[in-house]
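Asker: Residues per chain, in single letters:
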Amino acid sequence: MMRKSWIVLVIILIGFLIKLLQETASAKPIDSNTLINNAFKYDGKVVEFQGEAIGEIMKRGDFAWVNIHDGQNAIGIFMRYEDAKKIKYLGRYRVKGDIVYVKGIFNRACKEHGGDLDIHAHKAEIVKRGYKVDEKVDRAKAVFGIGIFLIGSFLMWIVFRNKW
Amino acid sequence: MDKSVFKSDHIELRHVLYMTGKTLSAIGLVEIIAVITSLLYKEWNMAFNLMIGTGLFFVLSFIFIFIGRDTKDQRFSWGAGMSMVGLTWALGGLISAIPPYLSGHFASYLDAFFEVMSGYTTTGLVLIQDLDHAPMGLNMWRHLITYIGGQGMVLMTLSFLASGMRGLLKVYMGEARDEQIFPNVIHTARIIWFVSLLYLVLGTTALTITGVLIGLPLDMAFFRGLWMFLGGWDTAGFAPQSQNAMYFHSTSYEIISMMIMLLGTINFALHYFILSGNYKEGIRNAEIKSLFVTITSLSVLGIIALKVVYSTPIIAFRKVFYHFVSAHTGTGFATLYSQQFFYEWSDAAIILIVIAMLAGGSVCSTAGGIKALRIAILANALVNDIKKMIRPDSAVVVEKFHHLKEVALQDRHVRNASIIVLLYIVTFTIGTLAGTFYGYPLKQAMFESASALGNVGLSSGITQPSMPDGLKVIYIFMMWVGRLEFMSVIALFAFLFKEAREG
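Protein chains in written order, with this note's numbering: chain Y, 1 to 164; chain A, 1001 to 1503.
The reader is advised that the hints may include incorrect statements.
To be verified - Looking from chain Y toward chain A, a few residues come up when the C-beta cut is under 10 Å (computed): (1) W6; (2) V8; (3) P29; (4) D31; (5) W65; (6) A74; (7) R94; (8) Y101; (9) G104; (10) I105; (11) G145; (12) I146; (13) G147.
Said to hold, decoys possible - Label pairs and their calculated CB-CB ranges: (14) A:S1466 - Y:K123: 42 to 48 Å; (15) Y:E125 - A:G1282: 52 to 58 Å; (16) A:S1466 - Y:K128: 55 to 61 Å; (17) Y:V133 - A:L1213: 40 to 46 Å; (18) Y:N162 - A:R1415: 46 to 52 Å; (19) A:F1497 - Y:R161: 24 to 30 Å; (20) A:D1130 - Y:W157: 26 to 32 Å; (21) A:S1466 - Y:S153: 54 to 60 Å; (22) A:Q1464 - Y:K132: 39 to 45 Å; (23) Y:K45 - A:K1400: 29 to 35 Å; (24) A:S1311 - Y:T34: 18 to 24 Å; (25) Y:T34 - A:V1201: 27 to 33 Å; (26) Y:V95 - A:I1425: 46 to 52 Å; (27) A:A1348 - Y:R3: 37 to 43 Å.
I should point out that these hints are in silico values taken from the structure, not numbers from a laboratory.
Quick reminder that beta carbons are idealized off the backbone N, C-alpha and C, glycines included.
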């Protein structure tokens, strides 16, 4: 009796390990090109992905879309709005967005979202907080830009005045 | 009485410069909208970049207008008209590329010029880097370029600055406008602007409301809506984010953008007829029938070819139909990554979408490609020939097609359509060969060649900053001949050659 119980327990453990290995097919964050170019291989698998949150958070009920760019491509992440709210900086001009780590199911052609390639995140963490980037004004460019604009505008006024 | 003092069919350089100067000044005026956008968002460096572009437009315009100021009442010869269009496109592209290049978002000036020509030709192939961090002013300028190009750079001048100018039909036709809505070219140009501005308001409003509903803040919903409208209506396919239309993850946004693409590919004259209450024209028109048949049949075949790739019929319909509409209308909006075409789509689907890209939209629209009217004419000619074969020799078969009016099919219609189709096929083949010579797989080379020539903008992954410079130049030329349709370009070179020979 004891022996049978051990065998059942070992089988359950082996099954559990296989499932765990399947789900963590990629134990470290995977890059977007690998995911997109091998979309069939990773379809339905649990993946880890990391990159800069860009653009806007688009709220959809209790969830939200956040697009995360890993330096190669941006991928849409469907995550809980509670998690999305933790993102403070979204990448745009003069703003470096928060670096976000997500773990979730990769979908090559998501059935829930009209066939889009996306990741449904179970877990989302801010790895590194983003920041604002100060714009350093290029003085030479400023002088030349304003100067040529004013000269050009004056010349156009001459054309207009003379009805050329 | 003709006041022209110029020799007939002679290119009078001063007159060409005068008209080119007028058009370049109009482009400079439009660029001020981008300057204002940058100033609103306090993007100082980008504002200065755009001021440099505007200033250069104005200074060069002044020089040209000053040189040719005595010629403003002269009538254009065909050669002068064509030369003016060619010179405007060349200089307009070169100067327009300066602010994007100075922004630091392009690897080289050639890349910036490629992007600008892609915009002016309403193609939509992009080489911009780090688009997601691009300034608002740069995005505004990219999209305004598509609007200027879609409407026609010269058409813009005709609409607002052309009072007193004569022989404008030549420059109008030089920008591949095959037909006039009114006998007067300026009236036609103004109607085209009226239709475009009407849809600009409607389309931007619809996209802004949808943008707010899908979670965008109001200002970004407006700007993204405006830019997506300009990208769709002008069938240019530029989008403000690197994910293109997929950025929004929204069915409603996709549906509205698809409607805008379809509206943008319809003939301006037909829009005017329908807006004037002549709804029947929308059903009877040969171009609409042709577009309906080709879009539907290619999409259905595409869905069949990709049934293994997309697991459910709804997904297959949404993905395939959207991209076939985008390809056929010459827009280039995408909700797939470019690599997915190459790695996931079957060869059959690629061939079908290449056909859709080459087929293109309507004449007198912002779309490129062979055009629906020419396809309709060739289909009618085929039916006519079959009828002739099966009827007695004595029977007289008259084939008609309806395009704004009843038109009897004549040999010259068929010959013109056949020549254009032939030129498209030859240029497409050369572009494909060029891609394969640079080492790209045939499937990718075909896709990219059709996209550049048909002014579509979908990419299978070839178009990126790392692609060879030679291929960038070839694609720029293909976009240009595709937009101006071969005859204008051939005529331009023929006239320039003749002038050079005759001194």
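Asker: Determine for every hint whether it applies to the structure shown.
Answerer: Results for each hint:
no. : hint                         : in the structure
1   : W6                           : violated, 42 Å
2   : V8                           : violated, 36 Å
3   : P29                          : violated, 18 Å
4   : D31                          : violated, 13 Å
5   : W65                          : holds, 5 Å
6   : A74                          : holds, 5 Å
7   : R94                          : holds, 8 Å
8   : Y101                         : violated, 19 Å
9   : G104                         : violated, 15 Å
10  : I105                         : violated, 15 Å
11  : G145                         : holds, 3 Å
12  : I146                         : holds, 6 Å
13  : G147                         : holds, 8 Å
14  : A:S1466 - Y:K123: 42 to 48 Å : violated, 35 Å
15  : Y:E125 - A:G1282: 52 to 58 Å : holds, 54 Å
16  : A:S1466 - Y:K128: 55 to 61 Å : violated, 28 Å
17  : Y:V133 - A:L1213: 40 to 46 Å : violated, 31 Å
18  : Y:N162 - A:R1415: 46 to 52 Å : holds, 48 Å
19  : A:F1497 - Y:R161: 24 to 30 Å : violated, 40 Å
20  : A:D1130 - Y:W157: 26 to 32 Å : violated, 38 Å
21  : A:S1466 - Y:S153: 54 to 60 Å : violated, 40 Å
22  : A:Q1464 - Y:K132: 39 to 45 Å : violated, 29 Å
23  : Y:K45 - A:K1400: 29 to 35 Å  : violated, 59 Å
24  : A:S1311 - Y:T34: 18 to 24 Å  : holds, 22 Å
25  : Y:T34 - A:V1201: 27 to 33 Å  : violated, 44 Å
26  : Y:V95 - A:I1425: 46 to 52 Å  : holds, 48 Å
27  : A:A1348 - Y:R3: 37 to 43 Å   : violated, 59 Å
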